[in-house]
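With chain A's structure known, arrange chain B on it following the hints.
As a plain string of letters, each chain reads:
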Amino acid sequence: MNLAIGQNIFHGLDRVSASDLYKPDILHTIYLGLFKHMMDWIEAFLKKHGRLQAFDEVWKALPPYPGFLVVKKAYHEVMQWQGKEMRNLGPCILGVLAVALRQPGGGQAIPFKHAHRCVSALVDFNMMAQYRSHTPDTIAYREDYLDQSHRMKEIFLEFRLTKRTQAKVDKQGKEIRRQRALIRERVASSQRRRMRDNEQDEEAEMRMDMIHGESHFNFIKMHLLSHFSDHIHQFGNIPMYSTEIGELADKTEIRKAGASQIKMRPRARSCIATVVNMQSG
Amino acid sequence: MAVLLLALLPVPPKLSKSSKADRRQRKINADTLQDVFELIFAPLQDVAHVGIPIDCADGKVQLCFPILSAWIADHMENVALHGLKTNASSKCEVPTNKLGTNARSY
Chain A
1 MNLAIGQNIF HGLDRVSASD LYKPDILHTI YLGLFKHMMD WIEAFLKKHG RLQAFDEVWK
61 ALPPYPGFLV VKKAYHEVMQ WQGKEMRNLG PCILGVLAVA LRQPGGGQAI PFKHAHRCVS
121 ALVDFNMMAQ YRSHTPDTIA YREDYLDQSH RMKEIFLEFR LTKRTQAKVD KQGKEIRRQR
181 ALIRERVASS QRRRMRDNEQ DEEAEMRMDM IHGESHFNFI KMHLLSHFSD HIHQFGNIPM
241 YSTEIGELAD KTEIRKAGAS QIKMRPRARS CIATVVNMQS G
Chain B
282 MAVLLLALLP VPPKLSKSSK ADRRQRKINA DTLQDVFELI FAPLQDVAHV GIPIDCADGK
342 VQLCFPILSA WIADHMENVA LHGLKTNASS KCEVPTNKLG TNARSY
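Those sequence lines, one after another, are chains A and B.
Just so you know, we're using my numbering here: the first sequence kicks off at 1 and counts up by one.
Just so you know, we're using my numbering here: the second sequence kicks off at 282 and counts up by one.
Calculated from the structure, these hints are not laboratory results.
Here a beta-carbon is modelled for each residue, glycine too, at the ideal position from N, C-alpha and C.
Incorrect hints may have been included.
Pairs of lysine-lysine, BS3-like flavour, derived with a Cα cap of 25 Å [to be verified]:
#1 Lys48/A - Lys171/A
#2 Lys379/B - Lys366/B
#3 Lys221/A - Lys163/A
#4 Lys366/B - Lys36/A
#5 Lys72/A - Lys60/A
#6 Lys36/A - Lys379/B
#7 Lys163/A - Lys295/B
#8 Lys295/B - Lys366/B
#9 Lys221/A - Lys295/B
#10 Lys163/A - Lys379/B
#11 Lys168/A - Lys308/B
#12 Lys366/B - Lys163/A
#13 Lys60/A - Lys36/A
#14 Lys301/B - Lys366/B
#15 Lys174/A - Lys163/A
#16 Lys379/B - Lys221/A
#17 Lys163/A - Lys47/A
#18 Lys308/B - Lys366/B
#19 Lys113/A - Lys36/A
#20 Lys72/A - Lys84/A
#21 Lys221/A - Lys301/B
#22 Lys73/A - Lys60/A
Just a few of them, taken from the derived set where beta-carbon distance is under 7 Å, the chain A residues facing chain B [claimed, not checked]:
#23 Ile9
#24 Asp14
#25 Arg15
#26 Ser19
#27 Tyr22
#28 His28
#29 His150
#30 Phe159
#31 Phe217
#32 Asn218
#33 Met222
Restraint-style ranges between C-beta atoms, simulated for each label pair [claimed, not checked]:
#34 Ala311/B - Ala61/A: 47 to 55 Å
#35 Pro294/B - Glu203/A: 44 to 52 Å
#36 Leu289/B - Val70/A: 33 to 41 Å
#37 Glu205/A - Asp312/B: 48 to 56 Å
#38 Leu161/A - Pro294/B: 30 to 38 Å
#39 Lys73/A - Leu285/B: 55 to 63 Å
#40 Val70/A - Asp312/B: 49 to 57 Å
With the rest of the complex left out, here is chain A (with noise of 0.2 Å):
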C-alpha cells in the first residue's frame, strides 16, 4: 500500500475526487524533475564518451535569439538551475548535444544515436506539452514521444547509479579482487601478468552488469509523465494549471495578508473614495 494510515480530508468531502485533485505540473515535473535528471544523465555520458569540453564550447557559443537568454557560463559552471533556466534550456539542448556529439568514434555511434534519440523524445515532450489546445492528433504525438524515450532511456540506465548501488558494486570489487589475491599466491609470476589484464576486463563487465541489475528508473516524476494525457482529456492544457503562476500570486497575495493586518491598503482606500465620489456627483 502507498498510502500512509491516517486521516485524509478528502475522504469526508462529498462529490471530491481525491485522485482528480492532482494537476500535471510543467515547473516541477518536467523543468525541475525530469530535465534536471536528464541533465545529469547527458553529463555523465559526455564524461564518459570524452565530450564534455566540446558540449561546454558550444554551450557558450550560442548566438542571440529573441526569447532566448544568451548563456554567460559553461555548463558545468552554473551552479544553481531554477525554473528560468531550465525553460531556456529545453529549446537549445537537442542542438547543443547534437553538435558535441558530432563525427562519433569507434564503437560510439550507436550510443550516441541512441542518447540523442531520447533526449529529442523528452524535449518533444515537453514542446507539446506547452500547447494551449490539443487534437487527437497532438495528444497521440505525445505518447509517441512517452513511448520513445521510454525504449532509449535504457543507454542512460548506468548513470543513474545511487549511492546504494555505488557502495554495492564498490564492496563486490573489493571482494573479487580479495579473493584473486589469494589465488595469486599460487601461481607462477610469468602467469599473473595475463591473468591481470583477463581480470581487469572482466571486473569492469561485472561492474557494469552490477549496476545495470541494481539501477532503475522508478522515480515518481519519470511516472507523472504518463498522467499527462488523461489530464489532457478529462481537464484540458497544461500550462493552465501550472504552479509558475501560483507561486508568483502566492508572494503578492501573503504581502497583501500581511498588510491587511497592520493597516487598511491605499489601493483599497482610494477605490472607497471614488465610489463615493461618484455617487455624490
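Same frame as chain A, now just chain B:
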C-alpha cells in the same frame, strides 16, 4: 487567473527520521495540517449538497454547486495533502517498482 488567499498553512520544522518522539511529532504535524484543511473546506461541505445562489455573468442568479476539483501543488505538497508515501503517485496506485515503466493501467 484570479487568486484569493484562503489561509497560510503551518510549516513545521524538519525532523530527523530516527527518534520515537520525532515520529510522534511528525504524526501530530500531519494531523494538524489535515485539521486546517478541514477548517478551510467546512463551508464547502454543505454547499456541495444544497447549492448556493451565485451571480452569473449575464446578470441572472444561478444555483451553483461548487465542487473542489483541482489542487495545484508540487509533489511533496501533494504527499502532505493526501498523506502519501514519498514515492507514491498522487494520481493512481502504481507500485514503486513500476514507476519508471510506461504502464498506464493503474
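Verification of the supplied hints:
In summary, the hint linking Lys48/A to Lys171/A is supported, as the alpha carbons are separated by about 22 Å, within the 25 Å threshold. Between Lys379/B and Lys366/B, the direct Cα distance comes to roughly 15 Å. Compliance with the 25 Å bound is thereby established for this hinted pair. For the hint pairing Lys221/A with Lys163/A, the CA-to-CA distance comes to about 19 Å; that is within 25 Å, so the pair holds. Only pairs whose Cα atoms come within 25 Å are accepted, and Lys366/B paired with Lys36/A is accepted, the gap being roughly 22 Å.
For a cut-off of 25 Å, the pair hint linking Lys72/A to Lys60/A stands: about 6 Å separates their Cα positions. The suggested pairing of Lys36/A with Lys379/B holds, with an alpha-carbon distance near 21 Å, which does not exceed 25 Å. Taking the CA atoms of Lys163/A and Lys295/B, the gap is near 23 Å; set against the 25 Å cutoff, the hint holds. The suggested pairing of Lys295/B with Lys366/B holds, with an alpha-carbon distance near 16 Å, which does not exceed 25 Å.
Note on Lys221/A and Lys295/B: the hinted pairing holds, with a Cα-Cα distance of about 23 Å set against a maximum of 25 Å. Between the alpha carbons of Lys163/A and Lys379/B the distance comes to roughly 21 Å, so the proposed pair stays at or under 25 Å and holds. Distance check on the hinted pair: Lys168/A and Lys308/B sit about 34 Å apart at the alpha-carbon level, beyond 25 Å; violated. Only pairs whose Cα atoms come within 25 Å are accepted, and Lys366/B paired with Lys163/A is accepted, the gap being roughly 21 Å.
Taking the CA atoms of Lys60/A and Lys36/A, the gap is about 19 Å. The hint holds against a cut of 25 Å. Using a Cα cut-off of 25 Å, the hinted pair Lys301/B and Lys366/B holds, with the two alpha carbons roughly 19 Å apart. With a CA separation close to 16 Å, the supplied pair Lys174/A and Lys163/A stays within the 25 Å bound. Between Lys379/B and Lys221/A, the direct Cα distance comes to roughly 12 Å. Compliance with the 25 Å bound is thereby established for this hinted pair.
Between Lys163/A and Lys47/A, the direct Cα distance comes to roughly 19 Å. Compliance with the 25 Å bound is thereby established for this hinted pair. Annotation: proposed proximity of Lys308/B to Lys366/B holds, straight-line Cα distance about 13 Å (limit 25 Å). Among the hinted pairs, Lys113/A with Lys36/A is consistent with the structure: their alpha-carbon atoms are about 21 Å apart, no more than 25 Å. The hinted pair formed by Lys72/A and Lys84/A meets the criterion: a straight-line CA distance of about 15 Å does not exceed 25 Å.
Between Lys221/A and Lys301/B the alpha-carbon distance is near 31 Å, which puts this suggested pair outside the 25 Å criterion. Restraint check for Lys73/A and Lys60/A: satisfied, since their Cα atoms lie roughly 6 Å apart, inside the 25 Å limit. About 4 Å separates the beta-carbon of Ile9/A from the nearest beta-carbon of chain B, less than 7 Å, and the hint is met. Residue-level restraint check for Asp14/A holds (minimum Cβ-Cβ distance to chain B is 5 Å; threshold 7 Å).
For Arg15/A, the shortest C-beta to C-beta distance to chain B is roughly 5 Å, which falls under 7 Å, so the interface hint holds. For Ser19/A, the suggested interface contact is upheld, since its CB lies about 6 Å from the closest CB of chain B, less than 7 Å. With a cut of 7 Å, the hint placing Tyr22/A at the interface with chain B holds, because the nearest CB-to-CB distance is about 4 Å. Among the interface hints, the one on His28/A holds; its C-beta lies about 4 Å from the nearest C-beta in chain B, closer than the 7 Å criterion.
For the restraint placing His150/A at the interface with chain B, the shortest Cβ-Cβ distance is roughly 4 Å, inside the 7 Å limit, so the hint holds. With a least beta-carbon distance of about 14 Å to chain B, the hint placing Phe159/A at the interface is violated under the 7 Å criterion. A cut of 7 Å between beta carbons decides the hint on Phe217/A: the least distance to chain B is about 3 Å, and the hint holds. A cut of 7 Å between beta carbons decides the hint on Asn218/A: the least distance to chain B is about 4 Å, and the hint holds.
With a cut of 7 Å, the hint placing Met222/A at the interface with chain B holds, because the nearest CB-to-CB distance is about 5 Å. Look at Ala311/B against Ala61/A: about 51 Å separates their beta carbons, and that is inside 47 to 55 Å. At roughly 46 Å, the beta carbons of Pro294/B and Glu203/A sit within the given window of 44 to 52 Å. Separated by about 39 Å at the C-beta atoms, Leu289/B and Val70/A satisfy the suggested range of 33 to 41 Å.
For the pair Glu205/A and Asp312/B, the supplied restraint of 48 to 56 Å holds, since their beta-carbon distance comes to about 52 Å. Range check, Leu161/A to Pro294/B: about 32 Å between beta-carbon atoms, so the 30 to 38 Å window is met. In this structure the hint that Lys73/A and Leu285/B lie 55 to 63 Å apart at CB is violated, the actual value being about 40 Å. Between Val70/A and Asp312/B the CB atoms are about 50 Å apart, so this pair conforms to the stated range of 49 to 57 Å.
Checked against the numbered hints given earlier, the structure breaks hints 11, 21, 30, 39 and satisfies all the rest.
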